[in-house]
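Chains V and D are the protein sequences, given in the same order. Under numbering that gives the first Met the number 0, the residues of the first sequence are numbered 0 to 216, in order. Under numbering that gives the first Met the number 0, the residues of the second sequence are numbered 0 to 503, in order.
Everything labelled a hint here was simulated from the structure, so no lab data went into it. Remember, it's a predicted structure, so these values are computed and weren't measured experimentally. Do not rely on the hints blindly, as some may be mistaken.
Residues of chain D clear of chain V, computed beta-carbon distances all greater than 12 Å [as the list claims (entries may be wrong)]:
| id | residue |
| --- | --- |
| 1 | P9 |
| 2 | L53 |
| 3 | A195 |
| 4 | G218 |
| 5 | L389 |
| 6 | E411 |
| 7 | T426 |
Taking lysine-lysine and the DSSO-like style, the derived pairs with C-alpha atoms no more than 30 Å apart in a straight line are [what the hints assert, rightly or not]:
| id | chain 1 | residue 1 | chain 2 | residue 2 |
| --- | --- | --- | --- | --- |
| 8 | V | K204 | D | K332 |
| 9 | D | K481 | V | K155 |
| 10 | D | K481 | V | K158 |
Built from N, CA and C at the ideal position, the CB exists for glycine as well.
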Amino acid sequence: MSPSMNLARKYDLQRGTDYLRATPDSEGDPWDLAVLQGRFVELSGRSECATLSMAASLIRQAQLQREVAVWIGTREAPFYPPDMAASGIDLEQLPVVLLSCAKAIARAADLLLRSGAFALVVLDLGARVDLPIAMQTRLAGLAKQESALLLCLTEKSRKVPSLSSLVSLRAEVQRRPLGEGRYSCEVQIIKDKRRGVGLRGMGWKHSELHCGPAGLR
Amino acid sequence: MDRLACVDLPFLPLQILLRREQSWRSCPAAVVESDAPQAFILSVNRIARRLGVLPGMRYAAALGLARELRAAVVSASEIEQCVQEVVGELRNFSPGVEPSEDEPGVFWIDARGLDRLIPSYEEWGRSIQERLQQQDLLATVVVGFSHFGTYAAARFQESGASASSRRGRLQVFGESQDEFTQVQKTPLAQLRIDPATRDTFAKLGVKTVADLLSLPAAGVRQRFGEDLGLLLKLARRSQDIPFAGQKPCLPLRRELLFDDGIDRVDHLLQAVEQELLPLLEQLEESGQVLASLTLDLLFERSEAIQELIRMAEPTLEAGRILGLVFLRFEGLKLAEGVIEMGVEVQGVRATQRQGELFEVRPARSLSAGNRALARVQARFGNGSVVHAVLHDGHLPEATFRWQSCSRIEIPEPPSVRLPSLVRRCYTPALVLAPRARHEPDGWLLGGAEAGSVTRFVGPYILAGGWWARALHREYYYAETSKGAIYWVYYDRSRRRWFLQGVVS
Chain V
0 MSPSMNLARK YDLQRGTDYL RATPDSEGDP WDLAVLQGRF VELSGRSECA TLSMAASLIR
60 QAQLQREVAV WIGTREAPFY PPDMAASGID LEQLPVVLLS CAKAIARAAD LLLRSGAFAL
120 VVLDLGARVD LPIAMQTRLA GLAKQESALL LCLTEKSRKV PSLSSLVSLR AEVQRRPLGE
180 GRYSCEVQII KDKRRGVGLR GMGWKHSELH CGPAGLR
Chain D
0 MDRLACVDLP FLPLQILLRR EQSWRSCPAA VVESDAPQAF ILSVNRIARR LGVLPGMRYA
60 AALGLARELR AAVVSASEIE QCVQEVVGEL RNFSPGVEPS EDEPGVFWID ARGLDRLIPS
120 YEEWGRSIQE RLQQQDLLAT VVVGFSHFGT YAAARFQESG ASASSRRGRL QVFGESQDEF
180 TQVQKTPLAQ LRIDPATRDT FAKLGVKTVA DLLSLPAAGV RQRFGEDLGL LLKLARRSQD
240 IPFAGQKPCL PLRRELLFDD GIDRVDHLLQ AVEQELLPLL EQLEESGQVL ASLTLDLLFE
300 RSEAIQELIR MAEPTLEAGR ILGLVFLRFE GLKLAEGVIE MGVEVQGVRA TQRQGELFEV
360 RPARSLSAGN RALARVQARF GNGSVVHAVL HDGHLPEATF RWQSCSRIEI PEPPSVRLPS
420 LVRRCYTPAL VLAPRARHEP DGWLLGGAEA GSVTRFVGPY ILAGGWWARA LHREYYYAET
480 SKGAIYWVYY DRSRRRWFLQ GVVS
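Chain D on its own, in the form it takes in the complex (with noise of 0.2 Å):
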């Protein structure tokens, strides 16, 4: 029969955050759903079990019981987080990871043809939790030979004991006949049943597996629901899910040869950009967001250097990804050029939170910001809430214009490759002094605190409107020795020069 490990780390949440805080281990601690005075508690640690705190309590009723208590949130990105990070280290083991839809850390392992590869599953099972201690969490594992078998395996304690004892155990069925017997004594309590049907049952005096198998499947099925009936199916063993291994989000590689070799950084820094931006879109198209960025670089003589860019957050965001990546060549020193590049992403899968599918945030109220815009056009007159809307013109101010917003809805922003700067627009455009036929210190087109023009980017000629009013501008962006840019014009007709905007 097909072999099949169940590994469970008991209350991850509260596991999180006692590796998150080290020093909370010691004192009684807790898990909250969210970060108030009245928020219930969702799992304790022994100590605070032992001091009277239970899940389901307030946090304010428990301080009264346990003067320390530590407490915090954890966040459902953080324990996708910590699920992925646990699926990357069981692929070591084995390469079919299944982590559970509906139970943040239960997690099953296709262990089928592994027979051959290891000594016996008693060791696997070891190395597993060993693998797992290393990062901090404790994990229970059952071998055996199928999903709910191992995983009730995995929940059963004996009875008597508490669940915060429950400890990391290791346990290898010999045989399915075992794995079955040892299922029909795990309590009902000890499985992810709902409470109302859980306390039903308890007063049925169904109170294990073994009871519930007693009771007709059709009768379960009609009386609560498919969901049961399953898990009926499940423990009697008429039926078992198929493994469905998460796929590994593979790192997406590309390598650029350099003829003539690259001693700049600001080249470098180019040809990372050329080659990053289709393996984003290849994330996303396979529903990924960026972790880690890795660049290779070889040299003819030099030792290869390699950086590895870690986010903060995974991101999809070009801007932020070749920010950190020029900040990471800032400091580099090329000895010789670069003759061979390899750029390697790493995804990870895009949780609500992150990537371009957002579901909607809660708390914050369309229709209140739309009566707020209200009062402000009604306290500041007509015209005073607008939004832009392009035109296609070719004078700068003929590219857009403004209008009233009346109301506000969810944003869609559109996707860009690379962020724009953004212009400071003056409307009028400012008339400049006219320009002294001698300008010893240059022209000082901001003042001498933005330094002289040093060159000039242009001229862009927007001419027209002969059969009413000739209009003939010459644009240019006008750089200062102190990194100003200005966006000016010379109106040919009337002989003097323009402030259109700045760039900031």
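Chain V extracted, bound-state conformation (with noise of 0.2 Å):
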């Protein structure tokens, strides 16, 4: 190894610090694309969950950064466009691989990744977490690569495992209602490598408010 790329590393260590200086209470934020970005991250709910607004949060950041996003999911229950729309998403520059199964799923991630052209990936995997470690670890490379946030959506409670030891980030997202049409969707981190939270430990939280879906409002 030469030189300069002993330097190189020593520099990233120093530079270290800075994912050290946690931010726990929502005003820091955290739950921001640019601060995501780079990362392999595994959004995961059961019943009163808000996967999918929390995903749209991303897109919807993504598109105002002027960066594309992409959704890979499954044919049969993908999102519900109106809902998309009505979440501020520009749908016609929001491109969505409808696929059959899980390895097809990360197999269209790894070739959409590999073009670094897409800020933000979406991986919606439902109730199947069937994805192959060799793909992960391929994808979670690509996402660091091209700076790009992998984001996969799963359908499990917190007690579930990850994906794998892979994931930089799980977290949760749980819905309140709060009346009259408002609900409070809350982040809750389980897992966050970059700031040492692990199972037994306090991880931060985001919140931010969302109106229910027409008829619900």
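Hey, can you piece these two chains together into the complex? The hints should help.
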């Protein structure tokens, strides 16, 4: 290894203090595309979850920053487009890849991440979590290399383990009704490798206010 | 003559870096242009300079001279934030503050009419320096009569002194002639002149402002351009730039009176939302983004409560702001009803990263994205890469269709007051098992884990098509005890329940 590579690595270690400067309260707000880019994130939830809504929030952030996001999911149960439009998303510039199984979803993600053109790649895996480790390793590496956020949406409770140890950040989303058609969607961090938060640790929280879909407003 | 002060924060990016990393003050430290080993060094502190590290070197080369060299990038948004912070501090000394557009770290303060309010300009200048020192910033203050004169005097150093030894100075010119005399001694190397022009001047033996003033103005303008022509005019005092203070971002406030008092947190939140959205629109119109929100809650008997919510990054996104308000109110215990509430928003100027006006971010290639989508389409078949197109339809499945996505462009998302929750839509809708006549555990729509249905919202009836195939669907939202919300409908013609989707 050349001396300059050694020097670069030393520089990265010195920069590591940046990541430890945690802002655990929500006013620090680490749930931001700029902070999450380059990471493999799993967003999960069960009955009262709001995973699609929080994914839409990140897509909107990307679009507001004039970046392109892509959605990869299954043909049988995609998101409902009028709700995405009501969340402030430009549907025409949100490419959606509709496939049949988790492996195909992962292969498509590989092709899209490799291009470096997408700031956010959403994999809507649902309840099926059979993503091979080798594929996850490749996808996590590509996300880091291209500074893209790889966001996997899964349907599981917080007690069920993450997709794998490669997941850099695992969060659970819960939805709480506030009355008058308003809902608070809260992202509770379960695991954050960069901030040293584990299952026993106190994870930070991020909250957003949403209105209900048509009929619930 | 009108008085003016120039406040110069030398090497502002380096000062910001050392303020951020206090432990680096005793180490060699540098600001680099990017986070890479071959990045150029932009400025260095004294310790690094003594070890031979100079601006213009590459970081990797500098590490060879100073093994303990610490370096980091200081972003444009950090610099802008610091500039606005300094403007805020300087406004305590005069309402007119003008930050330099070309050189962050240089400010002019309008000192007209202050001679009757302040004991002396020396004390005034010293107070400015002390105030900035409390923010860990070092500044040189020069009180004079013109933009250029005070700026050149702030930049002036005795010959032989190194740039890094430039400490905060205070200088007050009693007469404009004194200012002019000082300006003439200023070396051109200490002013912001194009390096190539400066080198040309050096070859011609033009090294100070006095040498520059001896040149014919028309010739300078013709050979070196209008910018240098203007500089010559300013140096000759034949022209000064009119003071253009930055308008302060005044807070916007709304007051609400509640006749019956509000003692429920969710009602308070609704009231905040109602007042906040128009305030955000006002901020947007004036080119600002929200930096902080102050909520004042007044009671009849109890003590008033003030909550200050600061945004990590200024924004106009109502959903995020209200999310923070909700988290703050969550732990609030109201002993009695709120009779009056004040909502005050403080904005800051939108930088290029904030608000709705974004410049194109570099680095991502749309054509590479289009090629990747084409590869996915080729791999998985036509119809695998689509985008949604909305239609005016009654049935949920008729309100949109998937259309082949041939190419992508820069997105232009619409603005929304509050984002909506998104439903997952099953196509086709899933047939549910018939409901038993008796349901001792309630209707377990999503299984035992999701809990039994506790509430129905609806019906929303969609009926028609009598001329072809009659259709009658009664849509409901079924909420369960565990908080799940299912989107279901009862099809009268088929006498079956269907699961159209779920709110997620």
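A quick look at each hint next to the structure:
The beta carbon of P9(D) is kept farther than 12 Å from every beta carbon of chain V, the shortest such distance being approximately 25 Å. Residue-level check passed: L53(D) sits 18 Å from the nearest beta carbon of chain V, beyond 12 Å. The Cβ of A195(D) sits about 31 Å from the closest Cβ of chain V, beyond the 12 Å cut-off, so the non-interface label holds. Non-interface status of G218(D) relative to chain V is upheld: no Cβ of that chain comes within 12 Å, the nearest being about 46 Å off.
Not every beta carbon of chain V lies more than 12 Å from that of L389(D), the smallest distance being close to 6 Å; the non-interface claim is violated. For E411(D), the condition that its CB be more than 12 Å from all CB atoms of chain V is violated, with the nearest at approximately 6 Å. With 12 Å as the threshold on Cβ separation, the claim that T426(D) sits away from chain V is violated: the shortest Cβ distance comes to roughly 7 Å. About 21 Å separates the Cα atoms of K204(V) and K332(D), which keeps this hinted pair within 30 Å; it holds.
Of the pairs offered as hints, the one joining K481(D) and K155(V) holds, with about 14 Å between alpha carbons and a cut-off of 30 Å not exceeded. A distance of roughly 16 Å separates the Cα atoms of K481(D) and K158(V); the hinted pair therefore holds under the 30 Å criterion.
Checked against the numbered hints above, the structure breaks hints 5, 6 and 7 and satisfies the rest.
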